Amino acid sequence: MLLRQFLMEWRLYSRDRVAMFWTFAFPMLMLLGFGTIFRSGAAPAFTVVVSSDTRASQAGRDLLGALQRTPLKLLELSPQAADARWKKGETATQLAPAAGGFALKVNTYLAAQGQMAAQIVQQANLAVQIRSAGAEPHWLPVQLESPGSAHASNYAAFLLPGLLGLNLLSMGLFSVGMVNVSYREKGKFRRLGITPLPKWVFLMGQILHRLTVSFLQAALMLLLGRFAFGIANQGSYLLLAAVMALGTGCFMAMGFALAGFAQTSEGYAALSNVFFFPMTFLSGVYFTLDSAPRWMQQSVIVLPLAPFLKALRAVFNDGAGLAGHGAGLAIVAAWTAGCFLVALKRFKWA
Amino acid sequence: MTGPALRVRGIRKTYPKVVAVAGLDLEVQRGEVFGLLGPNGAGKTTTLEMIEGLTVPDAGTIELLGLQWQSDGRAIRSRIGVQLQGTSLFNKITPREALTLYGSYYPRRRPAAELLELVQLTDKADAYHVTLSGGQMQRLALALALVNDPELVFLDEPTTGLDPQARRGLWDVVRKMKGEGRTVILTTHYMDEAEVLCDRLAIIDHGQLLTEGTPMGLIQSLAIPSVVELTFDGTPPDPAAFQARLGQEVASRGDFWEIPTQDPKALLPGLLEAAEAAAVPFVQIHVRRATLEDVFLHLTGRSLRD
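Chain order of the listed sequences is S and C.
In case it helps, the numbering used here puts the first sequence at residues 2 to 351.
In case it helps, the numbering used here puts the second sequence at residues 107 to 412.
What the hints contain is simulated information worked out from the structure, not anything from laboratory work.
Just so it is clear, the structure is predicted and the values come from calculations on it, not from any experiment.
Virtual Cβ for every residue (Gly too), placed ideally from N, Cα, C.
Keeping only pairs whose Cα atoms sit at most 25 Å apart, straight-line, the calculated DSS-like set for lysine-lysine is:
id	chain 1	residue 1	chain 2	residue 2
1	C	K230	S	K187
2	C	K123	S	K187
3	S	K200	C	K198
4	S	K187	S	K349
5	S	K187	C	K198
6	C	K198	S	K189
7	C	K123	S	K346
Computed beta-carbon distance windows for the label pairs:
id	chain 1	residue 1	chain 2	residue 2	range
8	S	W11	C	R274	38 to 44 Å
9	S	W350	C	R136	29 to 35 Å
10	S	L239	C	T167	52 to 58 Å
11	C	Q191	S	S266	17 to 23 Å
12	S	F262	C	Q174	29 to 35 Å
13	C	T341	S	R16	53 to 59 Å
14	S	P279	C	T228	52 to 58 Å
Only chain C is shown next, with the shape it has when bound in the complex (with noise of 0.2 Å):
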């Protein structure tokens, strides 16, 4: 039980039209609970795939456990566990019957009914999958994913389409899952989700690292401790003129004004006074501590769901 889960160097993907992963590299230690940010096509699904062996790397190593595809494919996928985007499974399969099938793939596995209890599909176990509810079946591929007690797991997106109540349902899987000592891996759309879950990030664009680090720390980097909002009843003017005058970076966002700053209380009698001569016409103002949204946009130019 040395060395890191996973330890990625320089892998690239090209397909006819897009490179989808330019030179990447990635090291996630045993025990850690790692997140994989980036907005759609920014190379987030094709790393994974190569990752869990979906998918071959044209250039570059990919060492999972100290093993590698080439030579110990059986024995890598024995011990990790995968969960897909929108995983399929046969339609008329139950619960039960899919963990114990899949379960029987693998020389090592955890019984069915432990599973069942640790996602809440107990009482849908003998329920053909397809009547169950998204959220159920996305809690069934969770369960599935776990069906060889791996050491590494990957999810992919685990919480997409769900309910509140149910992404904190999962949460606690996932921290019980580290409790448990294993590596978790996954991707997120939910920035709140990657800053409570995850204890290291790592932001890729265009299929290359922009940045990697602990929440908090990338928060930090940042130097923008928080942001004053001013928002609208509508389309927000152009925030040019008023840029000028405050001599202040003044960002349009939707239907409010994003002004960073490292300090809101000195900030604000001078840009309610600037407001109130230039005859803004906002309906509130807020101010927030920055999250790893800011830190999103700041590095990529984009939200994460645009």
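One chain only, chain S, in its complex shape (with noise of 0.2 Å):
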């Protein structure tokens, strides 16, 4: 009976193209969109605008000559054109000659990649002084290192893991909590009730999906990062699966117990909003939380998706055991006995 359940709901599930492509399709597309864009493990390139007047003296020239050096793209206008475009706010840093030399300016509107890029021809100019001194410019020497790995890692490493534990969260938020909102507003639930089918039955067949499903997402990620970034998983299969599990559990429940709270399928997707946007954004799925300020930092971790990538990205990125996450894992097996007992006492039928 279960089987035939669980079988069904795959059925019904392999019908819909659009949804079944999306489901599988949109991680691994992050993936490979920014695994490219960051491969080399050097920093994006920035775009400064320069002043075609600049190169009218010889240090302007000078100047120009070491900008070529750095990764910066440079964009030379004329003067009109540049101040053209700074007024339409798509200049982010723009550099001028201005009185006894050169002066930048920085858009305050984009003021993250403006001032990263103002630092580098900072660093540029510095040179171009040095040099004229007579001297050579010294740098530290850079070596790129992945911290826990044998093998060489970049961002799509650190990206793979994040992506894992946003499948999980959306599974949950959406797959689940979201079709039992809908399943209930539309009476499935209640065409379900007149029948001596056990509600746990059905209930089953759709967990039992939900699992499978995400257990294809995740191998099909671990193929694309083994075969398209060299990504290896470094810790044992085995706690990698234990992290998994829980985290599976955890957002599941939390979708079931989400479920409870909505009449409407409108009220559902407002609600589970205030928690899948944070969780998205600030629980190191696409960057880490290290520059975040840090009341921001210490009141994400009570949300279960920070430490939840945390102690997968142990496993996964570092090989290392789950020692020193004890604190974390804790964090998200509350969540998930709290979601589940939430879901126990609100969960309608009808």
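Using the hints, build the complex out of the two chains.
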């Protein structure tokens, strides 16, 4: 009976080609896209707009020569064109002659990347000054090295566990929570309620289906990481599976729990976003949180995705055990248990 | 196979803001087609939901086929068939699959092909549910209600939204069910449907039983076998003055007046004379037999579809 229910879930799911395609393809495209952009490990290239009258003086030509050797992308425009571009707000950093030399303008609106680029221009300018004094600038050696693993690591290796976690989160909140709210809203549960089928069989069929979907999804991601970026799991597969299982349980329980608080699909969409967006952007899916304000780091750690990802990366990227992740995993486990209890209390069939 | 198919005693259901059902008794014999009528908000759906085991009553007892929900839920579920209003299925399931899937939940089932034939969906058997028309979905819902070869069938407004031809097709299916010895309990908005299909009817309003009996018996109990209708072109004038002149009840409804009478032959000459004298601007006159609709109006003061 349960098997039939499970197979039916798969059969109906496989007919919704669009949903299926995006469930599997989206995280893979994310990995391919971001993994490729940041593949070299170099900082992303920033653009600096250079007013063409910089070239008028020898000092300006020397500075431009030094800038050619930085990773900056230079866009040389006539003073009028540069000014027009600046006014449109498209320029992050602009270099132009000024009284007694040159000056930089940084757009407040794009301050993060603008200041980064300005720093690099400053360095090039210092190098020119040192050379004009007859000396050669002395650069500190930089070595690209990944902290934990024996193998070369890259951004894709950081991103992959993040996307695995994101998959679990969206599976729980949307494939489980949203779907059950809409089943209730559309009366599918009522229709089941008049048959002798025990409802747990229906729910178990659904849960097993989601489990196999996330398992397949994870397997595909690992394969893609392996063949496109040469990323391999550094730790034990058993530990990896254990962490993934805990995360799956946690986010699925969260979906069931939230489903008990919304009457309609629209209500659920709003409610789930309250959880989805902070977790997506502040839990270290795409970047580390080291530079975030301290209060933010501390408040995000109480949500389960951040500690889950830390543990997952420890195993996957560093080949480490779970020692030191006890507190984090306890947070995840607490969420799991809490959500499970709330779901038991609040989940409604009709 | 003894005892009634359904016996309901004193069921009540109160929601925070409204008393949905305020103590209701019903009894339906095996093999009967029983109609539950009432205006919107009368408590029909809540009553059906309690009987079907979807809602737990606050008080009262419900016995289906001699069984009670508290002790024999699964046994009841496997022996009754329910067509819910607006049955919702998965979008991409086909009628054949739906019948097979839901059939698999029951110990006893009828073959999908036979049910598809019964509701004339054979040529749509493998089309996705989303592609069916409203009438086809309704017929599929009916087939689903019969998937377990039930002894007792509940149909909640089975013909709402169907075109006249599809309604008649559905009536045939209901008659066939009766012919097979099943008990059918249905709700409907259509008085003609209730008159044609039902052996017995109960009319409820404000969560209470107003009356019950055979359609013929209910009409006769009104003691007004006929109704004279005067139709107007537009809004009819206020009938109060005319009522006084005629010495007979005149009710204004929509674009016509209604005058109930026991003897239309005796009423008509006087009526026409009075209308002439008062210059009542009616355009047509029409005499008809009283119907269930009149019973309904008389009892609830409302038309069924209000």
